[in-house]
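Use the sequences and the hints to build the structure in full.
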Amino acid sequence: MKAEETILRLKEAFPDIGDDLKSPSPLRVFTPFLEPKRFEEVLIYAKDKLDYYRGLHIVGTDEGENLGFTYLVSNADGVILAIREIVPKSNPHIRSMSDIYPAMLMHERELVDLFGAEIEGLPEGPSYPLPDGWPKGQYPMRKEWNPKYFNKMTMTYEPPEEKATDTATAANDNKDNAAKTAADEKSTAGGGASK
Amino acid sequence: MSEGLTIPIGPQHPSLKEPVSFLITLDGEVVKKAVIELGYNHRGLEKACESRTYIQDLYIIERVCGICSHAHSYAYCRCVEELAGLQTPRRAEYIRGIVGELERLHSHLLWLGVAGHEIGFDTLFMYTWRDRERVLDLLAEIGGNRVNYGINTIGGVRRDLDENICQHILDVMDGLEEQIKYYAELANTEATLIARLAGIGILTRDDVIKYGAVGPVARAAGIMDDVRIVEPYGVFTEIKVNGVTDDHADVYGRTVVRIKEMLESIRLIRLMVKEMPDGPISVRAPRRIPTGEIIIRVEAPRGEDVHYLRSNGTDKPDRVRVRAPSEANWHGMKHMLEGFHFADVPIIIAAIDPCYSCTDRAIMLRSDKGDTVTDWESLRRTGIERYKKMGIDPSKIRMRTSGV
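Same order as they appear, the protein sequences are chains A and B.
The first sequence runs 1 to 195 under this note's numbering.
The second sequence runs 1001 to 1404 under this note's numbering.
Treat the hints with caution; some may be incorrect.
Stated by the list, open to error - In silico lysine-lysine, DSSO-like type, Cα no more than 30 Å apart, as pairs:
id, chain 1, residue 1, chain 2, residue 2
1, A, K148, B, K1047
2, A, K49, B, K1210
3, B, K1316, A, K143
4, B, K1316, A, K22
5, B, K1033, A, K47
6, B, K1047, A, K143
7, B, K1334, A, K49
8, B, K1210, A, K22
9, B, K1389, A, K152
10, B, K1032, B, K1316
11, B, K1210, A, K37
12, A, K47, B, K1334
13, A, K136, B, K1047
14, A, K89, B, K1316
These are computed hints drawn from the structure, not numbers from a lab.
Because the structure is a prediction, the values reported are computed rather than measured.
Structural data, given as structure tokens:
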């Protein structure tokens, strides 16, 4: 099934998301961010009705106040369908899809460790990929988590007490970077010599 | 004994080349249950990429894996190039193709040697690693380094191939082809090799689909998932790849697929050297990349390498996600081990050509002060406590504290 047909079938089955489906290239289809229940319906439909039988992986993203989880699945024609769900950081509760796509299991464990997702129905097993002594409640792939406050020796995360200072530091960093970028704008990132 | 005997293998173990932990529960000699614990190589590469520029990230990404470094940097470059709307020169794509196939050759030769070593066939190990050196010498000649050749850059490649190097590549291919044909004959006729590899670590076609296995593991079960064929990119839009599959679905099948793929790589390299057009090897790339997101896949030696990149209009990416082929192949590992003999565990593990650094997306870091993080005694204590939590008590083992 090609990307166009995938979009047509999804539009028929889920008219409310139809206009927001994107296909930036011939073998890619992206859904918009969906709330978890709708996401599950679309994912099961893709597996059962559209024959997207292969689970590729999951991309976790920080969406400001929310967390986005993009599940990538693929079919026999090599089309990659990105089905996405969004949950608030304050309650990042989703259901495990590893019963539908067993290949997603390790990637879901990664969402738990790195993004702090609470995944219902995740089978018991070792966590992945953070080490045993990792401090609880620290999710390194969230944007607000800054590696410079993490002490590798003591395995503790110690941000400055004043949150305002934290923000100011980040703002200064950005300012410095912007200035540096502007100064370097003329040079090329390519760097290769022409023949 | 009704519950079986549980044996921990790793994270540090002589039969493992990199850290990973297996808890193997046996019923006699047969593996009843396997629990795999990964993550020992995790160093936060993806987080590191978010605070560095696109060109700096290229060098981090290249170090995801020491063996298939070109595949990772190629996938990353393609992500950035597509988002920036860059059209890379044809000559650059040919050079990328040649280096990619040389990388496949050295990776498969390395694997064949490791497989030989795991089954006690060390002559094969020494033969293949001798041949691999010839490929590594070529890669060093092209990029200046045996691994992490740094050939890719955003917008093309960093080094051109002159006539001398091209001729040298062709000369090495002649010698290598002869050797690989010999290995192919060996795989077809050597009774010990066949008896040791056939029928173990089976992952059927249905299981490959279920567990999402990729690369030679999938192709050995008859599934053609070669990205160079499914979704041709770069030079492979012009030069067609003859896909290799097999129907054994076991470790032997994976061996056959890899040997045949090496012969195909030699054919492709010869063709690419012959057909390589003249012209520039790179185009200028902007520092800031327009907002967008992209999924790119490249066929690494171990299988499909998927990169996701999201840009935000600045000179640093918003999110980089690397799904290396080894990461996909781990899901089926438990299934491949269970039901087979304990003595076959090392070769079954080796048969997916596992790369732990790829899986965990690591870069090696030393402590800031350059000193050791922990002393021997506390390391031992931590290890004992950890295994006690798993129900195994190694504290009774007598340790020699001095004078080894």
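Inset, instruction - Quickly compare the C-alpha distance for B/K1032 and B/K1316 to 30 Å and report which way the hint goes. - result: 48 Å, violated
Legend entry - Satisfaction of hint between A/K143 and B/K1316, Cα-Cα up to 30 Å: 13 Å, holds
Inset, instruction - Measure nothing beyond the straight line between the CA atoms of A/K148 and B/K1047; if it is 30 Å or shorter, mark the hint as holding. - result: 12 Å, holds
Inset, instruction - Would you check the hint for A/K49 and B/K1210, treating anything up to 30 Å between C-alpha atoms as holding? - result: Given that 30 Å is the threshold and the Cα spacing comes to 17 Å, the pair holds.
Inset, instruction - Compare the distance between the alpha carbons of A/K136 and B/K1047 with 30 Å, and conclude whether the hinted pair is satisfied. - result: 18 Å, holds
Inset, instruction - Verify the proposed pairing of B/K1047 with A/K143, using a straight-line Cα cut of 30 Å. - result: 9 Å, holds
Legend entry - Restraint check for A/K47 with B/K1334, where alpha carbons must lie at most 30 Å apart: Holds, because 24 Å separates the two Cα atoms, which is no more than 30 Å.
Legend entry - Distance restraint between B/K1316 and A/K22, which requires alpha-carbon spacing of 30 Å or less: Holds - the C-alpha atoms of A/K22 and B/K1316 are around 24 Å apart, at most 30 Å.
Legend entry - Proposed proximity, B/K1316 with A/K89 (alpha carbon, max 30 Å): 24 Å, holds
Legend entry - Given pair status - A/K47, B/K1033, alpha carbons within 30 Å: 29 Å, holds
Legend entry - Proposed proximity, A/K37 with B/K1210 (alpha carbon, max 30 Å): Holds, because 24 Å separates the two Cα atoms, which is no more than 30 Å.
Inset, instruction - Would you check the hint for B/K1210 and A/K22, treating anything up to 30 Å between C-alpha atoms as holding? - result: 27 Å, holds
Violated hints amount to a single one, hint 10; each of the other numbered hints is respected by the structure.
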